[in-house]
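Enquirer: The numbers in the UniProt record's numbering rise by one with no breaks, and the one at position 63 of the sequence shown is 63.
To be clear, the hints were calculated from the coordinates, so they are not data collected in a lab.
No experiment lies behind these values; they were computed from the predicted model shown.
Check before you lean on any hint, since a few could be wrong.
[As the list claims (entries may be wrong)] Just the calculated beta-carbon pair ranges, DEER-fashion:
| id | residue 1 | residue 2 | range |
| --- | --- | --- | --- |
| 1 | SER58 | LYS93 | 18 to 26 Å |
| 2 | GLU241 | ALA110 | 29 to 37 Å |
| 3 | PHE88 | PRO256 | 19 to 27 Å |
| 4 | ASN152 | LYS258 | 34 to 42 Å |
| 5 | THR146 | GLN109 | 17 to 25 Å |
| 6 | ASP260 | THR146 | 31 to 39 Å |
| 7 | SER80 | ASN201 | 21 to 29 Å |
No residue lacks a Cβ here, since even glycine has one placed at the ideal position from N, Cα and C.
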Amino acid sequence: MSISDIFKSATRALKINKGRTALTILGIVIGIMSIILIMSLGQGAQDLILNQIQGLGSKTIIVEPGRQPTGPTDVTNIFSDSLKEREFEALKKKSNVPTLDKIMPLVFQAGTAIYSDEKYACSIFGGSELASEIFDIVPETGSFVTSDDVKNKAAVAVIGATVKEKLFGNEDALGKKIRINDKNLRVIGVLPKKGQVSFFNFDQAMLVPYTTAQDYLFGIKHFNEFVIQAKTEGDISKTVEDIKRTLREMHNISDPEKDDFTVQTQADLAETVSTITDILTYFLAMVAAISLL
Numbered sequence: 001m002s003i004s005d006i007f008k009s010a011t012r013a014l015k016i017n018k019g020r021t022a023l024t025i026l027g028i029v030i031g032i033m034s035i036i037l038i039m040s041l042g043q044g045a046q047d048l049i050l051n052q053i054q055g056l057g058s059k060t061i062i063v064e065p066g067r068q069p070t071g072p073t074d075v076t077n078i079f080s081d082s083l084k085e086r087e088f089e090a091l092k093k094k095s096n097v098p099t100l101d102k103i104m105p106l107v108f109q110a111g112t113a114i115y116s117d118e119k120y121a122c123s124i125f126g127g128s129e130l131a132s133e134i135f136d137i138v139p140e141t142g143s144f145v146t147s148d149d150v151k152n153k154a155a156v157a158v159i160g161a162t163v164k165e166k167l168f169g170n171e172d173a174l175g176k177k178i179r180i181n182d183k184n185l186r187v188i189g190v191l192p193k194k195g196q197v198s199f200f201n202f203d204q205a206m207l208v209p210y211t212t213a214q215d216y217l218f219g220i221k222h223f224n225e226f227v228i229q230a231k232t233e234g235d236i237s238k239t240v241e242d243i244k245r246t247l248r249e250m251h252n253i254s255d256p257e258k259d260d261f262t263v264q265t266q267a268d269l270a271e272t273v274s275t276i277t278d279i280l281t282y283f284l285a286m287v288a289a290i291s292l293l
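Produce the complete structure using the sequences and hints provided.
Expert: Structure follows, in structure tokens:
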């Protein structure tokens with residue numbers, strides 16, 4: 001049978017089975033479009049997350065308790081409270097980390113803010129006066145948390161735009177008392193609507209002194225992370241080395257694989273995100289491609 005005969009036979013079969021032909025073509029088109037859409041969404045998600053990481057600043061270093069798991073069964077050390085006040089004080093010392101410019105402890109939990117008959121589920125961040133500079137957040141009205149507020153464990157809060165809207169509406173929030181975990185906090189500032197900032201949505205959050213969050217609200221002694229800034233971009237590597245050395249000496253760790261903390265730079269975070277999103281994108285695209293078979 002010649003090629004022309006094969007072509008005529010195939011054309012005849014397609015004409016006879018028009019319904020099946022249409023469905024087959026439709027399936028192929030949908031499959032191809034799915035692959036294109038998945039790849040586009042994957043790249044879009046990656047770009048969005050990378051933009052958030054860039055918002056942290058190129059001099060920023062994140063220190064978290066627990067080490068990164070080395071495999072699916074290595075999850076024990078993720079749940080660690082290895083960062084406490086003594087680690088914070090040690091890293092602040094210039095003799096330990098001379099290239100460190102700023103360090104801020106962070107604690108965070110979810111909670112329900114209550115004012116009068118209004119309730120709103122929000123994120124509660126415990127930080128310091130440095131949060132304004134590190135995250136580029138300045139109150140639209142009122143003031144920000146101060147070093148004295150941190151020192152005195154002041155029961156004060158700076159609330160996000162959405163929190164203010166949900167609890168107070170058009171009412172002035174400054175000076176009013178809100179309740180979190182049956183504890184009163186006085187509103188000292190309201191942030192402008194800003195959306196997502198370096199992974200944190202401050203519109204739907206409130207910030208209090210970290211000492212207040214630890215002792216007054218949450219009853220904890222550990223920190224969720226340290227946000228650190230090196231003096232210059234060129235100091236990043238040296239700062240990371242000194243942080244790791246200091247924490248290992250404090251925790252009597254000689255083998256880096258036994259670290260009970262994780263230190264990540266902006267570049268580290270970007271690489272991790274790119275790897276994860278690439279794997280997920282190609283996996284989903286492969287699934288869509290298999291559906292074409």
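Enquirer: Give a verdict on every hint.
Expert: Now for the hints, and whether the structure bears them out:
The given range of 18 to 26 Å is respected by SER58 and LYS93, whose C-beta atoms sit roughly 24 Å from each other. Between GLU241 and ALA110 the CB atoms are about 35 Å apart, so this pair conforms to the stated range of 29 to 37 Å. Between PHE88 and PRO256 the beta carbons are some 22 Å apart, a value that agrees with the proposed interval 19 to 27 Å. With their beta carbons about 38 Å apart, ASN152 and LYS258 fall inside the hinted range of 34 to 42 Å.
At roughly 22 Å, the beta-carbon separation of THR146 and GLN109 lies within the given 17 to 25 Å, and the hint holds. Distance hint check: the CB atoms of ASP260 and THR146 are about 33 Å apart, consistent with the given range 31 to 39 Å. Separated by about 26 Å at the C-beta atoms, SER80 and ASN201 satisfy the suggested range of 21 to 29 Å.
The earlier numbered hints are all upheld by this structure, with none contradicted.
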